[in-house]
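**Student:** Below, each chain spelled out in residue letters.
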Amino acid sequence: MSTAPRTVIITGGSRGLGAGIVQSFLDSGDRVASCSRSETDQTRKWAEEFPDRFFFMEADIADRPQCTAFVKEVLARWKSVDILVNNAGVARDGIHALFSDEDTDTVIDLNLKATFHISKQIVRNMLAHGGGSIVNISSITGLTGYRGLAVYGASKAGLDGFTRALAREVGSRKITVNSIASGYLRTEMSHGLDEDQLNQIVRRTPAGRLGEPDDIARAVQFLVDEKNNWITGQTIVIDGGLTC
Amino acid sequence: MTENEASIIKLIEELLERMDKAEGVTVTLDARLHGEDGLGLDSLDTAELSATLEDELGSDPFAEGLMPETVAEIVAFYDAKESVSA
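Protein sequences appear in the order of chains A and B. In terms of full-length UniProt numbering, the first sequence opens at residue 1 and continues consecutively. In terms of full-length UniProt numbering, the second sequence opens at residue 1 and continues consecutively.
No lab work stands behind these hints: they were computed from the structure. C-beta: ideal position from N, C-alpha, C; glycine also. Accuracy of the hints is not assured; some may be wrong.
Just the calculated beta-carbon pair ranges, DEER-fashion [what the hints assert, rightly or not]: (1) Q66(A) x L57(B): 19 to 27 Å; (2) D63(A) x D79(B): 32 to 40 Å; (3) L143(A) x S85(B): 27 to 35 Å; (4) S43(B) x D103(A): 35 to 43 Å; (5) H96(A) x A80(B): 16 to 24 Å; (6) T40(A) x S7(B): 39 to 47 Å; (7) H96(A) x T28(B): 56 to 64 Å; (8) N199(A) x H34(B): 53 to 61 Å; (9) F222(A) x A80(B): 46 to 54 Å.
Pulled from the structure, derived: some chain B residues nowhere near chain A, Cβ distances all over 10 Å [what the hints assert, rightly or not]: (10) N4; (11) L16; (12) T28; (13) L29; (14) A47; (15) A51; (16) G65.
Here are the computed lysine-lysine pairs in the DSSO-like style, where the Cα-Cα straight-line distance is at most 27 Å [stated by the list, open to error]: (17) K113(A) x K10(B); (18) K79(A) x K10(B); (19) K113(A) x K174(A); (20) K120(A) x K174(A); (21) K81(B) x K79(A); (22) K174(A) x K79(A); (23) K10(B) x K174(A); (24) K120(A) x K81(B); (25) K120(A) x K10(B); (26) K72(A) x K10(B); (27) K72(A) x K81(B); (28) K21(B) x K174(A).
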């Protein structure tokens, strides 16, 4: 257990993987701020249960003014941020030759541009306050490619590149930046894959199952542990061995 | 020395201390932020200065697209803000 509560921002924490990561940091005694476009039963429950150390705001972080307002609100409450988990993401699937420009914009605006924007604001806070950790939630589709997920895969590969460059920029200021290339999870939005595709993935996965949010949350906890601050600029694959 | 001058010089002195760049350096209004004949800030140091100014004073010249070259130019940014709001 950590000695003092850390302040953690987790984007897109209202459901699925993001909610699993929020739960993990609430369990470890930390202060958690999260945002999504709309609240859920889960976020309302946390707000009641942890009024002093859970903050949720409805915000679409692909909209820069909304994202900035969210960050300002968190800093007004807790002054500084120790950990940023860039989890918010969206998938649109479809053969690229038929892919709509609107879907391309939706994926790039959230998965990349929103991540760049919030990371800039939080890195500035971390520079002024002596360090921190950033974890970008990426995907194995950014490493291997997956039919029908060209733009999504490109956005995740972009996130991995961003991770490496930012890690080099801020390493000397006690800020680590890593990404987790997640395999396929059993969450309500397993990125546009149908049941046959998911069954095929399970058959090809050495661990013989889909991932759970906690499989990823534990890796996030490991990467942001101060004792592990020699790990930076890396993309850690957590996928039950699918890509090995 | 005005209040703005004193507080910004103090903020920069503390920043240089934190960066281990304070030795043999005197922060004056005329001091250039960059280069060996100045305070020797590199681009990341400048980002840290920008973030610290925003954190302490609520705004900062770099984030507003200005590129002050000297301590005095930073002070002038806050003086101008005050005269607008006064």
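**Student:** For every hint, state whether the structure bears it out.
**Tutor:** Verification of the hints:
no., hint, in the structure
1, Q66(A) x L57(B): 19 to 27 Å, "25 Å, holds"
2, D63(A) x D79(B): 32 to 40 Å, "34 Å, holds"
3, L143(A) x S85(B): 27 to 35 Å, "52 Å, violated"
4, S43(B) x D103(A): 35 to 43 Å, "37 Å, holds"
5, H96(A) x A80(B): 16 to 24 Å, "51 Å, violated"
6, T40(A) x S7(B): 39 to 47 Å, "45 Å, holds"
7, H96(A) x T28(B): 56 to 64 Å, "59 Å, holds"
8, N199(A) x H34(B): 53 to 61 Å, "60 Å, holds"
9, F222(A) x A80(B): 46 to 54 Å, "48 Å, holds"
10, N4, "19 Å, holds"
11, L16, "14 Å, holds"
12, T28, "23 Å, holds"
13, L29, "23 Å, holds"
14, A47, "6 Å, violated"
15, A51, "4 Å, violated"
16, G65, "15 Å, holds"
17, K113(A) x K10(B), "36 Å, violated"
18, K79(A) x K10(B), "21 Å, holds"
19, K113(A) x K174(A), "24 Å, holds"
20, K120(A) x K174(A), "16 Å, holds"
21, K81(B) x K79(A), "24 Å, holds"
22, K174(A) x K79(A), "18 Å, holds"
23, K10(B) x K174(A), "23 Å, holds"
24, K120(A) x K81(B), "24 Å, holds"
25, K120(A) x K10(B), "26 Å, holds"
26, K72(A) x K10(B), "26 Å, holds"
27, K72(A) x K81(B), "21 Å, holds"
28, K21(B) x K174(A), "17 Å, holds"
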